[in-house]
Amino acid sequence: MSLAALAADFAPARLPPETEAFRREVRGFLNEALAGRAPRDRAKTWTGWDADFSRALAARGWVGLTLPERYGGGGKDQFHRFVLVEELLANGAPCAAHWIGDRQSAPLLLKFGSEEQRRRWIPAICRAETFFCIGMSEPGSGSDLASVRTRAVRDGNGWRLNGGKVWTTWGHRADMMIALVRTSGTPEDRHNGLSQFLVDLRAPGVTTRPIRLSYGESEFSETRFDDVFLPADSLVGEEGQGWAQVNAELAFERSGPERIYSALVLLDLWTRHLEAESGARAEVLLGRHLSNLATLRAMSVALTARLEAGLSPVVAAALLKDLGTATEQAIPADIADMVEPGAPDPELMATLAFLHQLSAVFSIRGGTREILRGMIARGLGLR
Amino acid sequence: MLEEAFARLLEAHGPPAVVRGAEAGEAPAALAAELRASGFLDLLVPEASGGAGLPLPELLPLAVEAGRRACPLPFAETALARGVLARAGASPPEDAWILLAPPSPLHPMARHATHALVPDGEATAFVAARATGDDPWATGAATGLAAGPALVRIDGFDLAAAAAALTAARIAGLIRAAADLTLVHVATRQQFGRPLAAFQAIQQAMAQLAEEAIAAHTAAGLAFAGERIPRFAAAVAKARASEAARTVQAIVHQAHGAIGMTAEYDLGLFTRRLQEARVAYGSESHWHREIGAARLADRSGTAADFLRRTLEMA
Ligand SMILES: Cc1cc2nc3c(=O)[nH]c(=O)nc-3n(C[C@H](O)[C@H](O)[C@H](O)COP(=O)(O)OP(=O)(O)OC[C@H]3O[C@@H](n4cnc5c(N)ncnc54)[C@H](O)[C@@H]3O)c2cc1C
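Protein chains in written order, with this note's numbering: chain S, 1 to 383; chain U, 1001 to 1314.
Quick caveat, the hints were computed from the structure, so don't treat them as lab data. Just so it is clear, the structure is predicted and the values come from calculations on it, not from any experiment. Among the hints, a few may not be true.
Unchecked claim - Partial list, computed: chain U residues near chain S (C-beta under 10 Å):
| hint | residue |
| --- | --- |
| 1 | G1021 |
| 2 | A1024 |
| 3 | L1183 |
| 4 | R1189 |
| 5 | G1193 |
| 6 | A1197 |
| 7 | Q1204 |
| 8 | Q1208 |
| 9 | L1209 |
| 10 | R1240 |
| 11 | H1288 |
| 12 | A1294 |
All residues carry an ideal CB built from backbone N, CA and C; glycine is no exception.
Generate coordinates for the entire structure from the input sequences, incorporating the hints supplied.
And the structure:
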């Protein structure tokens, strides 16, 4: 790869016109479903858990929108999903319950799962009946994911699982985890000998514990596996191919609107709070974020077109995520600089405080800034 | 295709030696003649008027390429102006090099220009123009223009937006040139027994450089998506490209060390123009403010709605 090849992944694209009617439909639904929800709650967007909301969305066919209809999906293209996610995030819909299953687990099962696994799990994800989480990180394995130590060993027809996962987003509420674990070799074998398993979080031997964040919420958890029995059909894809399978989905995980709109609710709240004549400083700041967002959005649409064409622009997605999260983090930091003494609006302050605290994770979750930049450097042929 | 032929032309007839000559005051006559003969200048001129009749988006890659080669002549500006003038029924002289010159602290590429589009009340006038004042970055720019009387008047043309959009495209090209030089440099220059690219601090900076290069290019593209240049798309294009110019010029010089500052090395050809282009036709804050004020005047919907509405993005 080179800078030219990387740039080619961002060839301009447009959302097809037929997505407009879909956008209106989504907006109509959200206007009703989110009526009366306070900005501080809207600001949680894809970190906010609301199973009822997820089920209401699923009832309209909007969970698993791009999945094939024969598995209960919506059979729509990636552009429709872009529109759906853009509307969900811009309006501050609580998406966490179905988010992982919709974005990651179901597409993974579709690609690597057995026919039986697809039939069993994808329709349940699309109905928002079964909620999934991702078990990759461990206490000793964060950025260095290939060093995971949780291990599954063969036991009769199935497997026996021991070890533990950490930082699992909503692991304490989810039903199922797709875990990346070692099935052969040692952590020194790195990318070889890793496999992915479906783990029923209600199975004997599984314990989950929510982890409280410094700002009071508990969005992620720690999970322990003590001699957990995994039936034979728990293995996803091929034994030993876990690393390749995990990486196949990274372009989906990093190129979407959730890497640019995480602070949009705050930006809009602040915008509404401003006077029409707020002076040059506020105008410049608002204009800067809007100009960045416009550029990021165009980049995200471009990558959506690549995904729709069946490509997997992993390095380009890392690039967009790094750039996008920088803007997401700058929004609360800059608005904090603009709050004047006097009687600040309590809703603005609460929303600002929430996002300002949360924003540190934007460049940690889903691959840290440094790791993403390392991937880009490798893409540029520098390492 | 078009783009490759254009790149070959600039490579052959506008190499760094010609750029340096133009900076020193030598007219780039051979380059000018080749560009005129190539037909690229009439890219946007309707077929009925003898041009290629291509749509506006086709100009973008050429405008970027002209930036990438630090073209000393206002190629893209002239091509755009010729298209606009032709549609107004006018035909500028064959050897005119035309600036788009709304009010600006300086006009890049002014020294070898012969004409300009300038504001004329609410309209735009095509005039003969000559560089006056200073050339602070010594690139062949001018802080002033001596303009003759209006030769043609055109209505309904947003001169400021067009100048901003083309300058954004030029910045994208200049960034690309500076980035390409830098990526080669860090892969070849050795310190502590290793290429600079082996150091993680350098790798991280190069990743950021790639991010800014692509962001600038994407932003410029927003202004060239349709048949005309929308005001807000031009604002975003110039604002984001100017921001990128600021970051990029710091990264590329840091990664080069002392050699990057020398007159015989090419980096300065690009970074001096980047600094200048950032200042010309509205720096980032100028356009940020216009965008912000527009949003405050129209606060309906989400920011995403606003962007789709005002940028005419799908
Ligand atoms: C909100 C949130 C949700 C998450 N959800 C999930 C989830 O659902 N499932 C899951 O499996 N994980 C999840 N994670 C974990 C996340 O993937 C990890 O936090 C991340 O990969 C970084 O690992 P770490 O926290 O151990 O930090 P470390 O890897 O210890 O990194 C700490 C710092 O060192 C830097 N660093 C590390 N290695 C290098 C290197 N080689 N070069 C330069 N710098 C380096 C990092 O960039 C970072 O700045 C979540 C994290 C957060 C914050």
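Proposed interface contact between A1197(U) and chain S, which counts if any beta carbon pair is under 10 Å:
holds, 4 Å
With chain S as the partner, please determine if G1021(U) meets the hint condition of a C-beta pair closer than 10 Å.
At about 29 Å, which exceeds the 10 Å cut-off, the nearest Cβ of chain S leaves the hint on G1021(U) violated.
Given Q1208(U) was flagged as interface, is its beta-carbon under 10 Å from a beta-carbon of chain S?
Holds, about 7 Å.
Quick check on the hint: R1240(U) CB to chain S CB, less than 10 Å?
holds, 5 Å
Please check whether A1024(U) passes as an interface residue: C-beta within 10 Å of a C-beta belonging to chain S.
At about 31 Å, which exceeds the 10 Å cut-off, the nearest Cβ of chain S leaves the hint on A1024(U) violated.
Using the nearest Cβ pair, does A1294(U) come within less than 10 Å of chain S?
Holds: closest Cβ of chain S sits about 8 Å from A1294(U), inside 10 Å.
Given hint L1209(U) near chain S, where the shortest CB pair must fall under 10 Å
holds, 9 Å
Taking 10 Å as the limit, does the beta-carbon of R1189(U) come near enough to a beta-carbon in chain S?
Constraint on R1189(U) not satisfied, violated at 12 Å.
When the least beta-carbon distance from Q1204(U) to chain S is tested against 10 Å, hint result
Nearest chain S Cβ about 5 Å off; hint holds.
Does the CB of G1193(U) sit less than 10 Å away from some CB of chain S?
violated, 16 Å
The hint names H1288(U) as touching chain S; please verify it with the least Cβ-Cβ distance against 10 Å.
holds, 3 Å
Can L1183(U) be said to touch chain S, with a Cβ gap under 10 Å?
Where the cut-off is 10 Å and the nearest Cβ of chain S is about 6 Å from L1183(U), the hint holds.
In summary, the structure is inconsistent with hints 1, 2, 4, 5 from the numbered list given earlier, while agreeing with the others.
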